[in-house]
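Participant: Residue strings, one per chain:
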Amino acid sequence: MIKTLFGYTFMQNAFMAAILASIVCGVIGTIITQKRLVSMSGGIAHASFGGIGLGYLLDIEPIIGGLIFSVLASLGISIIKRKTNTYSDTLIGMFWSFGMALGILFISLTPGYPPDMTSYLFGDILTVSSLYIKMMAILSFIIIFFIACIFNYWRAYLFDEEFTKTLGVNTLALEYTLFILISLSIVILTKVVGIILVIALLTIPTAIAKLFTYNLKNMMTLSSIIGAIFSISGLLISYQYNIPSGATIILLSVIGFFLISLIYKKISRNQFKQ
Amino acid sequence: MYDVEIKDLSVYYGSVCALQNIDLKIKSKEFLGIIGPNGGGKSTLLKVLLRLIKPTTGSISIRGSGPIGYVPQFAFFDRSFPINVLDVILMGKLPKKIKWFRRYSAKDINHAEKIMEELGILEFKNRQIKQLSGGQLQKVLIARALITDPKILLLDEPTSSLDSKTKKEIYEMINRLRREKTILIVTHETEDIFPYIDSIAYVNKTLKYYKNDLELSHGIVKKMYGFPNKLITKEEIIHRKLVSYREDRDD
Chain A
1 MIKTLFGYTF MQNAFMAAIL ASIVCGVIGT IITQKRLVSM SGGIAHASFG GIGLGYLLDI
61 EPIIGGLIFS VLASLGISII KRKTNTYSDT LIGMFWSFGM ALGILFISLT PGYPPDMTSY
121 LFGDILTVSS LYIKMMAILS FIIIFFIACI FNYWRAYLFD EEFTKTLGVN TLALEYTLFI
181 LISLSIVILT KVVGIILVIA LLTIPTAIAK LFTYNLKNMM TLSSIIGAIF SISGLLISYQ
241 YNIPSGATII LLSVIGFFLI SLIYKKISRN QFKQ
Chain B
1 MYDVEIKDLS VYYGSVCALQ NIDLKIKSKE FLGIIGPNGG GKSTLLKVLL RLIKPTTGSI
61 SIRGSGPIGY VPQFAFFDRS FPINVLDVIL MGKLPKKIKW FRRYSAKDIN HAEKIMEELG
121 ILEFKNRQIK QLSGGQLQKV LIARALITDP KILLLDEPTS SLDSKTKKEI YEMINRLRRE
181 KTILIVTHET EDIFPYIDSI AYVNKTLKYY KNDLELSHGI VKKMYGFPNK LITKEEIIHR
241 KLVSYREDRD D
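Keeping their order, the protein sequence lines are chains A and B.
Each residue of the first sequence is one higher than the last, beginning at 1 in UniProt numbering.
Each residue of the second sequence is one higher than the last, beginning at 1 in UniProt numbering.
Everything labelled a hint here was simulated from the structure, so no lab data went into it.
Just so you know, these numbers come straight off a predicted model, no measurement behind them.
Built from N, CA and C at the ideal position, the CB exists for glycine as well.
Heads up, a few of these hints could be off.
[As the list claims (entries may be wrong)] Straight-line Cα separation of at most 30 Å, DSSO-like style, residue types lysine-lysine; simulated pairs:
#1 A:K81 x B:K125
#2 A:K210 x B:K29
#3 B:K168 x B:K130
#4 B:K125 x A:K210
#5 B:K29 x B:K130
[What the hints assert, rightly or not] Just so you have them, the derived chain B footprint on chain A, three or more residues with Cβ under 8 Å:
#6 154–165
#7 202–216
Pulled out of the complex, with its shape left as it was, chain B reads as follows (with noise of 0.2 Å):
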């Protein structure tokens, strides 16, 4: 049974084409990571996971009817914006018809303190989030995306610009939902990551799937690398591009 299914999909802005006949199965409960150089179409994937934008030809069908968790980069926000933690939360506890006088009932605040407990961010909760720092709002945000119930969660570069404490500390937390839920991470940071994916999904403009072998994982390349096999040629050649790139730019 999959989550999520893509078939055949492309993204055009104009007469630029992002994504470019896309398949893709996400089974239920599975944790993916989607990788990709910059500009090659990892946010317009998820921004068409997200239905916030509409897809130019193919289809996207996404199971159960509420929305994705979605766990945005903490570092676009703007954290002098006068709104506490709580209230932060609570977001997502926003019913999607526009409900006149609608005001969060005591169940959507004790629902929010539970998460809030899980996750250990309880203490914070009245501060305002600019006295929060990285890792604390990366939570906080991770919190708002639980609150909705969701059966997927989508996580866009949860740890970047983190310390490793806190980058570990993020990745065991998403690691414990797994059991319940399908995970998408996008992230630069193939390497951390790589203990606890399922699979990748490679996207420049095209999507290649990679299903994360645990003998590979476990055995020798996993020792050397910390990438399979298949991965490593990919992301070297991308890399040998990108050195011969700056050579010939240095000339």
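Excised from the complex, chain A in its bound form (with noise of 0.2 Å):
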């Protein structure tokens, strides 16, 4: 079966782009969940939303206006913020509704056939194209070279943002290319999973590493092999089945984290007392 599997385009598109929004779920997933970013990284993702619709409406990658529009929500929330002093809660929940508004109401305004937008809210992993690959492919190195080449600075400002700031270094900065980074994976992810699982996929590997490492770096690796793991093997499921591949990689993973985390705290009680 395996061999059929690969003879096709599209099933190896689909496990490259598994495989690459693993590495960037891992890395990115370690950073929103440290940092606790998570509902924010959920604000951007259906914020991108509107961004989407956009693209379609002006016959544009509609992927491109979801990547303006989610650079710009995450943007607009921390600046916002800082010049408010509302609270980010109630900021992304109006950005949230705000782009899901503005992606419904520029689809009804575009002329023909609307649509058909289940592929951005849960994902087709099964038409990424080959030209997407090599986009998420340099998406990606961008991301890991960024964390890489001062991942330092990163590891001081998730841990103690406040001392970080004292040193003199510039926080702000780094804050802002933490979200365009964001903004980033999760347009990646959109297309492999959709934006209503994209925060599965950024927490439940992560919350997995988690069990088995007190070191930011083996978190993000291992989160990037634990996340692969689940794709692939969601995939191989979804096409086995003929279920929708987006659903059931997070079935798996969400039942995945269950598991382990069980049988982890039996161990470990074990352990406790031996």
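With the hints in hand, could you dock these two chains into one complex?
Facilitator: Structure follows, in structure tokens:
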């Protein structure tokens, strides 16, 4: 079965997309969970829907529109929060619904048959094109490059932003860079697992990795590997039973998380007894 | 020669005044305790000193080019963060201008180890911070501030929620640094720091500065109360206000 599977270009692309998405999720997901930016990422993801709608309306690649919207939303949340002292939770909620509403409005204004939006909501890894794989590869490289080459600064910023600031380090530049990287990642992932399921792929592998390591770098690597295992096996299962791939990947990850943390708790309790 | 000079400084958050017309001069090698009620502006003063916020009016000048060595409250940390003791301390070695591909040098690591040894925490070098006690984490944070080689050390509630033995240990540790550094310590535990400090700044929107008079401190007043005279009256007034406030509420 495996051999015939890899004969199809769309299947090769799907596997490549799954692996690239897992690497991005491992790195960015670790940062998001440690900096408590999960709901922020949800907001960015949904705000990008507005851009996707605009892309259809103006007849440009929807993902480009999504990228622009998500970058603007993340920087907007950060700037408005600093200027007005509004709770970022409230702002995130506003951007979240604002983006979705715009998306629906733009799509209804688009002439002709309405495009099938479920592929952006739930993702469709089997329709990922070779061009998109190249785009994903470049974006993943950019993300890993930015994280790796100033890794010590990222760790300091994530652990104790205030102290890092007292050293004179420009933490604002780090924050903006981080938000742009998160936006890039979310857009990459939108095509693979969809807007709604992005958060799961960003948080679940990291949550599992956190059980096994106390090192930030190892956590990123381990999350990537766990993500890859879930996405590839999810892909195979979805192909076998002809069920939606994005949903399968996420369901598998959630079940995996609960099983692994249950087993982990049991083992560590037994160790404690001895 | 003053290390810190604050002139007529005020800080407003919107229309709310946090600090009003504050003047403060801190001598080199002075050991100053900063006290005051919660919400009285202690943390605002601390943030102004660290240049985390800008004063609304007035000026602040700090001698020397390097940053103030900041020791934040250890209780506020996410202990499950994946970082070990050495990496926490090495944070102090990050150059302020972001350098690409910068790794910590062997020299940086040696420096960190030397400080860890002096503070008696070298054995925890590779431990994750979750596996440290409160007192141990506090020492790690002090080490991180010391590795920046600051002229001025600023500690925020360094002993809150520690047991009395660890408290004393931390105070003794800070006290050993006073010959080399100007030390500012924000605290609620006025009684505990009294034997060490040279002066006290009482912050409650305004700032009142008291010298810790040696004669007084070694005299009767200290024996009886553990505070200098003036301070007691201040503290007492607040205490009375608090008590009467509570009584009012009970009614």
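Participant: Now, for every hint given, state plainly whether the structure supports it.
Facilitator: Hint check:
This hinted pair does not check out: A:K81 and B:K125 have alpha carbons roughly 38 Å apart, beyond 30 Å. The suggested pairing of A:K210 with B:K29 is violated, with an alpha-carbon distance near 44 Å, which exceeds 30 Å. As the CA atoms of B:K168 and B:K130 are separated by approximately 23 Å, the hinted pair is consistent with the 30 Å bound. For the hint pairing B:K125 with A:K210, the CA-to-CA distance comes to about 21 Å; that is within 30 Å, so the pair holds.
For the suggested pair B:K29 and B:K130, the alpha carbons sit about 34 Å apart, so the restraint of at most 30 Å is broken. Residue count for the stretch 154–165 of chain A with a Cβ under 8 Å from a Cβ of chain B: 9. That meets the three needed, and the coverage hint holds. Using a Cβ-Cβ cut-off of 8 Å, 5 residues of the stretch 202–216 of chain A lie near chain B, which meets the minimum of three, so the contact claim holds.
Hint check: violations occur at hints 1, 2, 5; the rest are consistent with the structure.
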